[in-house]
Amino acid sequence: MSKIACFVEKYNFSDPREEAALYNFKNAAEKAGHQFNFLFRENIAEIPKYNAVFIRATTDPLFTAYIVSKTAWELGLKVVDDPESIKICANKIHQYALFEKYNVPRIPTVFLSKDDLHHKQIKEIFDTLGKPAVIKAPYTSFSRYVEKAACETSFRDVTKRFFKKSDVLAIQKFTPTAFDWRVGVLNNDTLYVCKYMIPKGKWKHGAKLRGKPTVVWGRTVAVGKQKVPERLKEVALKACSVIGKGLYGVDLKEVDGDFVVVEVNDNPSIYAGYEDSKDKDIYQRIINYLSD
Amino acid sequence: MLVVSSIDLKENLRVMKPSKFLASTIKEPTININNDYRYLKTGYYVSLHAEILGNMVIPSCEDIIDSSRTPILLLRAEKAKIPTLPFLVTDSVKKIIAELGLPVVLFAVNPFIHEGYKTAKNKSALYRAMKSLGMNYKFTVCAQPVKGELFSVKSFFGKCQINDEEVCGLAAKVYALFRIPVCKLHVQKVEGKAYLCALQPIDEQELSKSDLEVISREILLISQQGDHLSV
Ligand SMILES: Nc1ncnc2c1ncn2[C@@H]1O[C@H](COP(=O)(O)OP(=O)(O)O)[C@@H](O)[C@H]1O
Ligand SMILES: [Mg+2]
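From first to last, the protein sequence lines stand for chains A and B. Just add 768 to the spot in the first sequence (first one is 1) and you have the numbering used here. Just add 124 to the spot in the second sequence (first one is 1) and you have the numbering used here.
Hints may be right or wrong, so weigh each one.
What the hints assert, rightly or not - Estimated spans, in silico, between C-beta atoms of each pair:
1) Pro235/B / Asp783/A: 18 to 28 Å
2) Ile150/B / Ala788/A: 47 to 57 Å
3) Gln1052/A / Lys203/B: 50 to 60 Å
4) Lys218/B / Thr982/A: 51 to 61 Å
Quick caveat, the hints were computed from the structure, so don't treat them as lab data. Virtual Cβ for every residue (Gly too), placed ideally from N, Cα, C.
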């Protein structure tokens, strides 16, 4: 019997599909004879009472979730997401540098330091990557700080905004596709596979409507991990192998019949009736991993 | 040994600017000198680049993040037997009063505030402090009891320029654990004993000429010893 704390914030319960998924985890744990409690920020001090911590609140080295993760880690508990995975996945510069070092198939990427933002450098970037180029703030999630620029003026405009928080940015070749593959990975093994559709006329899974602040999301189509090309899973697993052994959601694009990694997320979204609809065992497998 | 520094140092040291290092692939043990090692800032990326290259580097990315997250700083310090006081990570005034009492000192635990602290002697001051450091209760804070005199010292490779053995000893231990070459330590002295409260960046303007000399001298020493980076 294991005691599992699931670290959540109030917003994790605001979407009924996410709330349902959280209760699926709880049910799976209790069915297997474990204890599973939601742990809110008021009760962080209770971490030592548990054997394992499962973080569902948004992770970042600067958020409370990192405090929870590292505290659990220092106390020797099993923890998903572990602090090392948070550190790497929360920062696109870090993960892309690892992909480069270990030859993970990826979208052509260059890094730009704040001190190097000048005409010659921008021209060189456009010459290398073509126009438009995609600019990413390292801390982006939910497509929020990913924008494209087709000329020096808009390139300067976007980078100036992103440089306020981070002194290095990632610039990529614009590689639009109709959908992103999303491969869920746990402990070096494929957990589920979906297609995250890109809304029509847009290029990001989460896209803003013209003139409106709200974000529309493309559909999620579960595919089932048995029904997808082996190569897709192979590339996804290779990307995770340079990060760690936890729970990840790998975004990939299919380009010229092969697959390239867009990013690896720790703390991947799991919504009832979406990621789980073809691979029903994901709750049980994650709980088993936590209680092992 | 390569010294990457955002600060203009004295002596005739071989020093490389961060932007130049970030564009390079130099494989050498690296000392990263910066007055501000904050996550996402140049000081962080220099250590990250060195780690990706496989270089030994001071400080490591992990230590940069952990030392600036006060609850983790204190947890790891406590584990290493460095004196700390009890602390609480919370957004609740009630909990602080019930578990720590007053007065308390609060440090921010959020992505926006990275320096300073607030002390509160009474409940209304505590509410005000929580509101400002928690950014309208949106984030938690790290609270510690105030039991004695609270003050700050600059630490350069774990050495501080004050005449207090207790505090100097504490700074040396903190450096041995986290290896942040340039930083400010917030410390409390209770009945003669020094306790670690927080570690924060130093403003560039706060670095005096003699501070720069101390940093330069330490680097020279390390480069002569050579074994500093191999641990
Ligand atoms: N280089 C690129 N070319 C085209 N589309 C991209 C590129 N990089 C990212 N995208 C799309 O933008 C969205 C967000 O990108 P991603 O790197 O996953 O950032 P986030 O962490 O914000 O989710 C995804 O739908 C992704 O497919
Ligand atoms: Mg993504």
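Q | CB-CB spacing for Lys203/B and Gln1052/A relative to the 50 to 60 Å hint | A | violated, 34 Å
Q. Is it true that Lys218/B and Thr982/A lie within 51 to 61 Å of each other by Cβ?
A. Distance hint for Lys218/B, Thr982/A is violated at roughly 36 Å.
Q.
Looking only at beta-carbon atoms, does the pair Pro235/B, Asp783/A fall within the given range of 18 to 28 Å?
A. holds, 23 Å
**Q.** Assessment of proposed distance window 47 to 57 Å (beta carbons of Ile150/B, Ala788/A)
**A.** holds, 52 Å
Violated hints, listed in ascending order, are 3, 4; each of the other numbered hints is respected by the structure.
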